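**Q** Residue numbers (the numbering used here), protein chains in the order written: chain A, 1 to 284; chain B, 1 to 417.
Some hints here could point you the wrong way.
As the list claims (entries may be wrong) - Per label pair, the in silico range of CB-to-CB distance: (1) Arg-34/A to Asp-60/B: 34 to 42 Å; (2) Lys-136/B to Leu-23/A: 23 to 31 Å; (3) Asp-60/B to Val-8/A: 53 to 61 Å; (4) Asp-288/B to Val-8/A: 32 to 40 Å; (5) Leu-69/A to Ser-48/B: 53 to 61 Å; (6) Gly-196/A to Gln-161/B: 42 to 50 Å; (7) Gln-161/B to Gly-193/A: 27 to 35 Å; (8) Asn-162/B to Phe-198/A: 37 to 45 Å; (9) Gly-78/B to Gly-193/A: 24 to 32 Å; (10) Asn-162/B to Ala-250/A: 49 to 57 Å; (11) Gly-68/A to Ala-141/B: 50 to 58 Å.
It is worth saying that the hints were derived from the structure and are not from the lab.
Bear in mind that the values here come from a model prediction, so they are computed numbers and not experimental data.
We put the beta carbon where it would ideally sit given N, CA and C, even for glycine.
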Amino acid sequence: MAHKELKVSIYSPAKTSKKSISLRLMFADLKDARFLGRQIFIRDTKAMFRQSLLGFAWAILPPFLSGGLWIFLNYSGAVNITDTGIPYPIFVISGTLLFATFTQALNTPSDAVNAGKSMMSKLNFPREALLLNAFYRTLFDFSLKLIPLLLISLGLGFSLGWSALLYPLGALVIMLFGFSIGVFLIPFKMLYGDIGRFIGLGTQLLMYATPIVYPMPESGFIKDFNAFNPLYYLISIPRDWFTSIEVASAVPVWVGLIVALIILFFGWVLYRITMPIIIERVGA
Amino acid sequence: MPTLNKDQDILIKCESVSKKFCRDFKRSLWYGIKDVSLSFSDRGDHNSVLRKDEFWAVKDINFELRRGECIGLIGHNGAGKSTLLKILNGLINPDEGSVTMRGRVGALIELGAGFNPILTGRENVYNNAAVLGFTKAEIDAKYDAIVAFSEIGEFIESPVQNYSSGMKVRLGFAIAAEMEPDILLIDEVLAVGDLGFIIKCLNRISELMTKTATIFVSHSMPMVGRVSSQVLLMHKGEKQFFGNDTAQGIKEYVDLFDSPERINQGNGDIELARVTLYNKATHSFVADHSTVLETADDLKLRFTLDIKDNVSDFNLGITMFDAQLRETLSSNSSFISKTFKSTGAGQQHFEITLPHIILASGKYAVTLVASNPTTDTFYMRVTNCIYFSVKAIGISWGTSVVAGEWAEVEQTLEINK
Chain A
1 MAHKELKVSI YSPAKTSKKS ISLRLMFADL KDARFLGRQI FIRDTKAMFR QSLLGFAWAI
61 LPPFLSGGLW IFLNYSGAVN ITDTGIPYPI FVISGTLLFA TFTQALNTPS DAVNAGKSMM
121 SKLNFPREAL LLNAFYRTLF DFSLKLIPLL LISLGLGFSL GWSALLYPLG ALVIMLFGFS
181 IGVFLIPFKM LYGDIGRFIG LGTQLLMYAT PIVYPMPESG FIKDFNAFNP LYYLISIPRD
241 WFTSIEVASA VPVWVGLIVA LIILFFGWVL YRITMPIIIE RVGA
Chain B
1 MPTLNKDQDI LIKCESVSKK FCRDFKRSLW YGIKDVSLSF SDRGDHNSVL RKDEFWAVKD
61 INFELRRGEC IGLIGHNGAG KSTLLKILNG LINPDEGSVT MRGRVGALIE LGAGFNPILT
121 GRENVYNNAA VLGFTKAEID AKYDAIVAFS EIGEFIESPV QNYSSGMKVR LGFAIAAEME
181 PDILLIDEVL AVGDLGFIIK CLNRISELMT KTATIFVSHS MPMVGRVSSQ VLLMHKGEKQ
241 FFGNDTAQGI KEYVDLFDSP ERINQGNGDI ELARVTLYNK ATHSFVADHS TVLETADDLK
301 LRFTLDIKDN VSDFNLGITM FDAQLRETLS SNSSFISKTF KSTGAGQQHF EITLPHIILA
361 SGKYAVTLVA SNPTTDTFYM RVTNCIYFSV KAIGISWGTS VVAGEWAEVE QTLEINK
């Protein structure tokens, strides 16, 4: 029998195995995980659509509804929002879409890992596949939700400029921003359910504290607070791109991207180190 | 195979591997947090001491396994078998010691992992195979073989939720069986499925095993005996027995269980008052379970029955069960057309001799029966009324062992010519 080069795996206490975390190994696993990650994503998506009558409509409807709600509140006078300079529906939907993408990117990693928990406690596969699946899912949902935004804009006769092409790029940055925090939080969320609840509350508060359905006020607490709120920049800049409003500086978006990538990297390392410990504590 | 390759062929090296678990869930989570934080610091760790509520789930397990060898891993529920398997598979890290695995690991642990019930069998072949580490090209190439092995036929295009549990296992095994692993981990996967498929699976596993180092976890001792070259018996996380003598390992496993209590059945017209076995060590009949027989010894049993006055005649029977509840030996007075007569209400004494016992090594439970010769209803049926042990002349996991008459002859007779 010809001896092919056998892959050697050594398992030892977490303390010593920490030293063996190498970039080479991490990216090799990521490469191995690509097919599985895609396969899980396709599986879940197919299953989701096969079990519903309206199919894609479910992905497209929510932005229509939440956007419609705010438009109704505004026109009925229940809430009074100062002029945004562009048609209010487009203002609301292009903003809420970005925020929804952020919260989804924040929550999907731990959801996907939780769903794969029982599989993880029984089989050894590249754990990165679950993260890839989560990322694909976020990306896919964003693309679906982009459709109603475009339809509404065209329906209202709003002319999109060239800078609207930058909008998906901006969305990608806020997506990565949410995703990186989401990946970082996976181990904590898996150990304690409290953290997930806390995040749910926090994002709801943030939704209202950030100028998403209303324009930035001229002064006051909201303005002071949002000067330090990365979400404000990551939402308002792409929205301005979409609506062809002059953007003073795109630097916050690039900073956001770099910060996201750094958090993502450390989140990934943490995920790799903690997964065996977590699987042993809460593994199904 | 040149001996130079000997060390290379050690595919699994398990060096004083230990793992502890925590009984209390909340505390376990807290320890988890601590462990996570400690894994980043250079301060000391808690790896080798037991904190409150912790216990060793696996303690100091050592072995090496080469290509072509198979360890049967046996033990009670909760003895640490699956935990050890998880450590070997890299799912959880050991707290002490280390594991070295060389080559591709194939785990027959959860068949059909990654199946989505809504999707068709065909789609799920891809899902499951991807989890097992196949590439797209590999699955494409093996797809037909998988479907053929599973014998699912046209149902491959139906949603998996319409499959019976046996069909799911078939498909899951068929996919897993296409792996070409160097190390094979098998954990109790053949429990479902009909006998035909189990045999097919066992054959496939045997085929794979010639090329792999295998760890086989099962509660089915006949299967362990059939496939294993060594047995590792775990008890409370520790090694209780490890060696090539599979029969001895299985015996020790069986001895770990308490002997079941005596069970009285029948209509009560006859009752067992006393039962004894001839013990050759003390040259007397004893009522305890200490009797040990060797191959070809006679088994002598004396018993006393309380017989009610409505019984006129009856047959007597005796059955031996081995520790895996296999019926291994039976005798009945009706076999020699002998029926006993009642002498009126009161006690009567009987003796049965079973000559030249050839049972395999192990512990046996005796069931005594008295039945109505015409209706065959039981006057008395006492299960586990007494136990005895057999120390056979040789090692076997079969049910009987004989010395045989072995000889070399001049020429074998060729009958067909």
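**Q** Against which earlier hints does the structure fall short, listed by number upward?
**A** Failing hints, ascending: 3, 4 and 6.
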